[in-house]
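**Q** Next come the chains, spelled out residue by residue.
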Amino acid sequence: MSNQTESMPKSKFSLADLLKRIFVRLGILPFLLLIAVIVFASLSDNFLTGRNLMNVLRQSVYLTIVSLGQMLALLTGGFDLSVGTILALTSVVGATVMASVYAAMPDAIWLAIILGCFAGIAAGTFIGVFNGVGVAFFGVSPFMMSLGMASVGFGLALFLTGGTPVYGMPEAFGNIFGFGTLFGIHTPIYAAVLIAVLLYFYLYRTKSGRYFYAVGGNIKAAKLSGISTRKTLLMTYILCALMAALAGMLLTARLDTGEANIGASMPLQSIAACVIAGVSLRGGVGRLENVILGAIFIGLVQNGMNLARMESYLQTVVLGSLLILAVIADQVRLRYVASLKD
Amino acid sequence: MNSQAVTTPDNRLEEDTHQGDAYPLLQTVELTKDYPGIRALDGMNFDLKAGEVHVLFGENGAGKSTLISMLAGANTPTSGDIQFNGKLVELSSVHKARELGISAVFQEFSLIPQMTVAENLFLGAEPTTHGMLNSRAQIKAAEEILSKLDFHLPCDKRIDHLTRAEQQMVEIAKAFRSDLSVLILDEPTASLTNHETDQLFRLVDRLKSQNVGIIYITHRMAEIREIGDRITILRDGKYIDTVDAKTTDDDELVRLMTGRVVGQIFPKITVNPGEVALEVDDLHTVGGSVKGASITVRKGEIVGFAGLVGSGKSKFAQACFGAFDIESGTIIFNGEKIAKPKTKEMLRRGFMYLPSDRRNDGLMMMRPARENISIASLDISPFSNGWMLNKKKEAKVVKALAEQLNLSPNRVERDAGFFSGGNQQKLMLARSLTREFNLVVFDEPTVGVDVGTRAAIYEFIVELANNGAAILLISSDLPEILNLTNRAYVFYQGRIQAELMGDEITETNVLSHFFEREAA
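Listed in order, the protein sequences are those of chains A and B. Take the first sequence: its letter number 140 is residue 140 in my numbering, and every next letter is one higher. The number in my numbering is simply the position in the second sequence, starting from 1, with 342 added.
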């Protein structure tokens, strides 16, 4: 240790070196976060207020949950383009079931909510089962599999509703899961925290969690080490869909309607959140806590652009550019990693 | 023999001979190549004369492949010069090297399996008329090349329908697409039959007479004698010596190659065969890689599997481990008959297979060394209680293993990809100590590993055997089979050609079974 501190001042470019080390270790996210805060704080006085930041957090909840699922798919070297569809299908099925149970038995509010949530989440997760079976057992590329399922799910959601929003859910559902607060914090935030904690435990404290990294790190090595790669891949896409479905139900509560048109931006945004957070597109690399930051960062940028009154079409341009920038940064980082090593 | 057979009407070859008197055809000056963490080639001085066969000789990882990849333009040097006919040249791409007439035939083929022979021959230089592909001209030109080389191959056949030897012929023929001044052959006979090898040697002779310079990599002493003119020996990326092929004897070559007497690298083995660990009878695999092989391995033994690439020696072990599908045959492991081996269960029973290809099959390069070591035993104590990981104990055990194996640098949180080849191999070896294994299969354990680490690996293997484990050593490196095993099976085309015991395991004995057919 003392050797290192002694040799530090000798280096002329210690600041550049330090920045490089931060870049290699944490990726591009800290830099982007810093830039975003500076830019938006100077554009709008309201940006750095406690209320607005709480707003950002609440709005980012849905993307955060979806991104956690997307991270699993990316960790194993694939990705899931059907997360948006899963949101939509969950919303439509959940709302329909909830509304019809409520209409049949107006007194059994909780029964309606529970049955509705269950049906919605099951429908969404089912998409993941198909994805998982296709990828794990038939060797379909995750790209084709999830792209195909995205079309299937979206079509089903539109077919079930005829394209119109589903009304008639009990008011309590929206009041509690959409707008409810406890100790001044919105309920969706509690849900996200709970999901993140459970997933953290699963990923980093159990052997099955380690297997996600092993399969993405080198699938052949994983196989030769006695890991059931098929089971792991199947789990990946089921869990990813489950996350998206949970987000879909929470979003339905917030909107108070079942919508087939929600979630269209989710595939891109969730992948962007992960990649910006340093999850490798080649699989095997990425940390859960960073992904949460990545999702919040995207929420922050969207919020900032809204406050700065940027047109929504242009916002899409910015988000796409950010994704590409993150991928380029990842490539550059890989080159630096080789020179710094650890 | 008509020496004009292969020449195309171009006068470059004649110019070469004139200049060749003054300058070597191809020369490297202080050529150096660095990879992250390792200097693959260190100040190499090498020269090739027109019309000679210059053999590169050295162990795996000595820098031969690095040298030829730079001469072929597939890789750029970190420092140093390459001179062609006395002129400084920059071989920044394979294409550029080809323009000068430098062509290489690598061990790993650069053929596109879905394309035909003719399409592959002219890949990147397709004959066109008015900007359109002229496939008739292409087939005609391909037939011309093949007939000149006396290769009997159908031009319209797809590459993936050819045998490995035929693919090799296509790869060689590719070099003859344009005029040739330097031909680089990287272990070209490794997968050829005797007849095909003779054919190749006749071709080499013909090229020599046309003043083509040939760089030839081989591990076979007999070949060096047969066609070599000069031999340059490399060791650990450094130039050692250049000697005359006809007058230098085998012992001298081995001494130059290894830098020590053979006995120093290989530890002494004492064998106390115990009970039978693995007994396999008449094993056939799906796809016919193994066609009826039977073996017995006892605890405490080191049994070698020798044979060519693709002879079925690896597939046999993989099939027993559950990593390759079995068609028929019986496998008895530790007295238990196993109908259909599954990797996970075989590991639990105490059967470990360490694959040869570290990068593709063995390690997670972007994950820490710790995870790479513990990966195969995460389902048992001390690594987990079957479900939940015990990270503290994992770190402790892995650290102890890393120390035991002298991992260098001893940092278990560093990504596997940043260790040198030898240390990456140690990560794999450490895996075999993460639980009690009764049988450990080492598949080419020293590929790309330096001599020092190699000795350590051999000691490791012998110690495992002395501690009562049965060892299966699959190796294409003959000295390993000769010096490290007490019994060896020689594989040929999916069958066991011979079983050799103790003193019978000699170089000539093993090699003679590499090719020989049943009738011979």
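Misleading hints may appear alongside valid ones.
[As the list claims (entries may be wrong)] To give an idea of the interface, some chain B residues facing chain A are shown, with a C-beta separation under 8 Å as derived from the structure: (1) ILE668; (2) ILE680; (3) ALA681; (4) TYR695; (5) SER723; (6) PRO724; (7) SER726; (8) TRP729.
Worth flagging that the hints you see were computed from the coordinates, not collected in a lab. All C-beta atoms, glycine included, are put in the ideal place defined by N, C-alpha and C.
**Q** Indicate, hint by hint, whether the structure satisfies it.
**A** Against the structure, the hints:
1. Taking 8 Å as the C-beta contact cut-off toward chain A, the hint placing ILE668 of chain B at the interface is violated, the least distance being around 16 Å.
2. About 15 Å separates the beta-carbon of ILE680 of chain B from the nearest beta-carbon of chain A, more than 8 Å, and the hint is not met.
3. With 8 Å as the threshold, the beta carbon of ALA681 of chain B stays out of range of chain A, its nearest partner Cβ sitting at about 18 Å, so the hint is violated.
4. At about 6 Å, the closest approach between the beta carbon of TYR695 of chain B and any beta carbon in chain A falls short of 8 Å, and the interface hint on this residue holds.
5. With its C-beta approaching chain A no nearer than about 12 Å, SER723 of chain B sits outside the 8 Å limit, and its interface hint is violated.
6. Given the 8 Å rule on beta carbons, the hint for PRO724 of chain B is violated: about 13 Å separates it from the nearest Cβ of chain A.
7. Taking 8 Å as the C-beta contact cut-off toward chain A, the hint placing SER726 of chain B at the interface holds, the least distance being around 5 Å.
8. Taking 8 Å as the C-beta contact cut-off toward chain A, the hint placing TRP729 of chain B at the interface holds, the least distance being around 6 Å.
Taken one by one, the earlier hints fail for this structure at numbers 1, 2, 3, 5 and 6, listed in ascending order.
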